[in-house]
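The listed protein sequences correspond, in order, to chains H and X. For the first sequence, numbering that gives the first Met the number 0 gives the first residue as 0, with consecutive numbering after it. For the second sequence, numbering that gives the first Met the number 0 gives the first residue as 0, with consecutive numbering after it.
Hints in this document: simulated from the structure, not taken from any laboratory. Glycine included, C-beta positions come from ideal geometry on N, C-alpha and C. It is possible that some hints are incorrect.
[Stated by the list, open to error] Negatives, chain X to chain H, calculated, CB over 10 angstroms:
#1 S44
#2 A108
#3 P143
#4 A190
[What the hints assert, rightly or not] Per the computed footprint, the stretches of chain X lying under chain H, defined by three or more beta-carbons under 8 angstroms from a beta-carbon of chain H, are:
#5 148-158
#6 228-237
#7 241-251
#8 255-264
Read off the chains here:
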Amino acid sequence: MTRAARIRATTAREWETLGALTARSCSWLVNILHTRGNRTEPRRSRSGREWWRRYTPPYLPVGLLRAVAYAVLLLSVAASVAPALLTRSSYQQQYREDINVAPCARFPLGTDDLGRDRLTRLVYGARTSLLLACAAALLSTAIATLVGGAAGWIGGGLEKAVLWGTDLFISLPWLFLLLTVRALLPLDVSPGSSLAITFLLLGLLGWASPARVVRARVRSLVASDFVLQARACGSSGVRLFVRQVVPNMKPVLLAQFFVSLPLFVLSEANLGVLGLGVAEPLPSLGSLLRELQEYSMLNSRPWAILPAVVLTCVVASLHLVVSRSEVQP
Amino acid sequence: MLVLFARGVSRILSISLLAGLIGATFVRLGPGFGASVQELDPRLSDATRAEMQRRNGAGGDVPRYYAHWVASVLRGDLGFSPSLQRPISELLRERAGITAVEVAGGTAAGVATGFLLAVVLLGCPRPLASLLGGLGSSVALSVPAAVMALLCLWLDVNPVWAVAAAVLPHAFQYLADVLRTSAASDHVLAARARGVGRFRILFLHVVAPVLGEVAAVSGMAVSIAFGASIPIEAVCSRPGIGQLVWQAAMSRDLPVLVNMTVLIAIVTIGANTLTDVVVAARNPAQGGAR
Numbered sequence: 000m001t002r003a004a005r006i007r008a009t010t011a012r013e014w015e016t017l018g019a020l021t022a023r024s025c026s027w028l029v030n031i032l033h034t035r036g037n038r039t040e041p042r043r044s045r046s047g048r049e050w051w052r053r054y055t056p057p058y059l060p061v062g063l064l065r066a067v068a069y070a071v072l073l074l075s076v077a078a079s080v081a082p083a084l085l086t087r088s089s090y091q092q093q094y095r096e097d098i099n100v101a102p103c104a105r106f107p108l109g110t111d112d113l114g115r116d117r118l119t120r121l122v123y124g125a126r127t128s129l130l131l132a133c134a135a136a137l138l139s140t141a142i143a144t145l146v147g148g149a150a151g152w153i154g155g156g157l158e159k160a161v162l163w164g165t166d167l168f169i170s171l172p173w174l175f176l177l178l179t180v181r182a183l184l185p186l187d188v189s190p191g192s193s194l195a196i197t198f199l200l201l202g203l204l205g206w207a208s209p210a211r212v213v214r215a216r217v218r219s220l221v222a223s224d225f226v227l228q229a230r231a232c233g234s235s236g237v238r239l240f241v242r243q244v245v246p247n248m249k250p251v252l253l254a255q256f257f258v259s260l261p262l263f264v265l266s267e268a269n270l271g272v273l274g275l276g277v278a279e280p281l282p283s284l285g286s287l288l289r290e291l292q293e294y295s296m297l298n299s300r301p302w303a304i305l306p307a308v309v310l311t312c313v314v315a316s317l318h319l320v321v322s323r324s325e326v327q328p
Numbered sequence: 000m001l002v003l004f005a006r007g008v009s010r011i012l013s014i015s016l017l018a019g020l021i022g023a024t025f026v027r028l029g030p031g032f033g034a035s036v037q038e039l040d041p042r043l044s045d046a047t048r049a050e051m052q053r054r055n056g057a058g059g060d061v062p063r064y065y066a067h068w069v070a071s072v073l074r075g076d077l078g079f080s081p082s083l084q085r086p087i088s089e090l091l092r093e094r095a096g097i098t099a100v101e102v103a104g105g106t107a108a109g110v111a112t113g114f115l116l117a118v119v120l121l122g123c124p125r126p127l128a129s130l131l132g133g134l135g136s137s138v139a140l141s142v143p144a145a146v147m148a149l150l151c152l153w154l155d156v157n158p159v160w161a162v163a164a165a166v167l168p169h170a171f172q173y174l175a176d177v178l179r180t181s182a183a184s185d186h187v188l189a190a191r192a193r194g195v196g197r198f199r200i201l202f203l204h205v206v207a208p209v210l211g212e213v214a215a216v217s218g219m220a221v222s223i224a225f226g227a228s229i230p231i232e233a234v235c236s237r238p239g240i241g242q243l244v245w246q247a248a249m250s251r252d253l254p255v256l257v258n259m260t261v262l263i264a265i266v267t268i269g270a271n272t273l274t275d276v277v278v279a280a281r282n283p284a285q286g287g288a289r
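Full structure from sequences and hints, please.
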């Protein structure tokens with residue numbers, strides 16, 4: 000393995016613990032309001048100064064940052080689940096008498112050059128991108144579990160072949176791989192088909208790094224004491240794998256899922272800008288960015304940059320929420 | 000070191016052949032292989048159309064198509080681009096320089112800036128460094144390369160900086176971790192206990208031991224820079240290899256894509272091998288251990 004591949008593997012190993020940490024972070028608000036550290040310790044009354052010393056640096060800035068990240072994600076999830084809560088019109092409805100309108104009470108973000116409400120398209124675009132990323136992350140994690148799990152469990156030649164394959168996948172730039180495989184598929188397709196193609200593309204090509212992590216985890220589990228004990232008790236084969244190994248892989252799989260999300264949202268955005276993502280009139284955060292290619296219009300319509308800002312906020316929030324340094328200040 | 004070099008070369012060769020085979024398989028099995036827009040012309044006779052189909056589908060099944068590709072590589076022309084109507088080797092020669100400058104400049108600028116930021120933040124209090132580093136790198140990681148390119152165009156800045164911006168957060172995150180580990184090591188504690196000066200500790204005992212890691216990160220960053228160069232060149236209309244890849248993808252110029260897959264695999268694996276050789280030359284014990 001090359002040094003760079005080893006760096007990637009090291010980083011991947013670091014992410015292994017993220018599943019548990021991410022689960023922990025969900026109870027962050029509860030923790031900060033009640034106890035931090037030893038939970039069995041009885042609560043004592045503290046002076047204001049001690050409370051301040053204990054709960055502000057470094058926890059307050061990081062906590063505030065994470066609270067903002069959670070708020071952004073909550074809003075994005077709300078937009079994904081129920082876009083009708085935020086907007087009433089349809090994403091393809093054209094107001095022909097209101098083309099390129101500036102933000103006003105009727106159109107809070109104005110309209111585009113086809114007279115479509117920008118806010119509506121942004122909300123539906125966020126929904127498309129987030130749901131697509133979630134589905135693709137699920138698929139890639141499932142493939143990584145199968146491939147990495149089999150390689151780690153069976154070992155030998157299969158393990159070597161899987162490692163070699165992942166090396167090849169990782170050595171090619173991700174966006175290039177996406178572009179190449181996308182180009183092999185029909186380009187002139189319906190919006191629904193383009194959505195399915197993008198989802199499959201991200202899901203089927205994003206398994207390499209997670210598979211390495213899963214393989215490493217399975218190898219360590221196979222060598223662990225409790226698996227040895229289970230073997231000694233007569234458990235073997237599929238039963239041993241399903242009962243002893245799979246439950247202990249849950250944190251790793253959860254982490255891989257969450258780590259894949261921002262990557263897939265960004266990849267969809269890059270494909271969308273290049274015209275190889277979700278097809279019109281279906282909006283996605285990536286396809287909304289295509290409009291920015293006429294960057295000179297930003298001088299007259301600066302609000303058109305909002306999809307880029309929303310995309311950055313959502314992806315940064317995802318990064319912050321799953322980031323180890325933020326979970327463990 | 001020689002063994003490492005030989006291993007790297009054999010790895011490049013084997014992965015190139017495999018990448019070519021995978022590319023050829025995908026191309027051959029891809030829907031619409033052998034079809035072209037010209038066939039839809041109603042003025043063409045059936046015989047002409049059949050001849051066009053025969054020519055477009057040259058190579059037959061996967062092994063024959065692969066052999067056809069290997070022969071074109073050995074000839075040196077790398078085949079013919081149907082969309083641009085020129086030999087692929089010519090296209091590469093014209094465009095390689097622009098992308099090489101972009102990738103090399105972007106990698107160097109991104110890694111150097113990331114390293115400098117990591118060193119500066121090492122001197123800051125831990126919570127502040129964690130906050131600034133975490134927030135900064137998260138935001139930088141969250142901006143698509145295409146948007147970076149648009150910002151460069153809007154601000155009238157060289158697109159090399161967009162490539163650097165794509166590399167920077169990755170390099171920063173890794174190097175900040177490495178520097179933090181180095182700063183917490185025993186020999187640094189011993190140097191502090193002996194009263195060695197702050198800057199001497201920083202540069203001689205913390206930064207110097209991790210310079211090999213900077214070289215290693217540069218190797219990894221080449222792949223990131225290459226990936227970022229595709230949307231950047233497409234958006235900024237730079238006639239480099241990234242733009243060629245994008246044009247080939249948009250016009251389904253599959254021979255160009257197969258050759259690009261192999262070329263990019265060679266460049267990224269070559270950069271990683273070179274990094275390994277440089278690190279091994281700098282630290283023979285580590286190289287020998289591998």
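So, going through the hints one by one against the coordinates:
no.	hint	verdict
1	S44	26 angstroms, holds
2	A108	18 angstroms, holds
3	P143	4 angstroms, violated
4	A190	26 angstroms, holds
5	148-158	holds (count 3)
6	228-237	holds (count 4)
7	241-251	holds (count 6)
8	255-264	holds (count 5)
Violation of the numbered hints given earlier is confined to hint 3; every other hint is satisfied by the structure.
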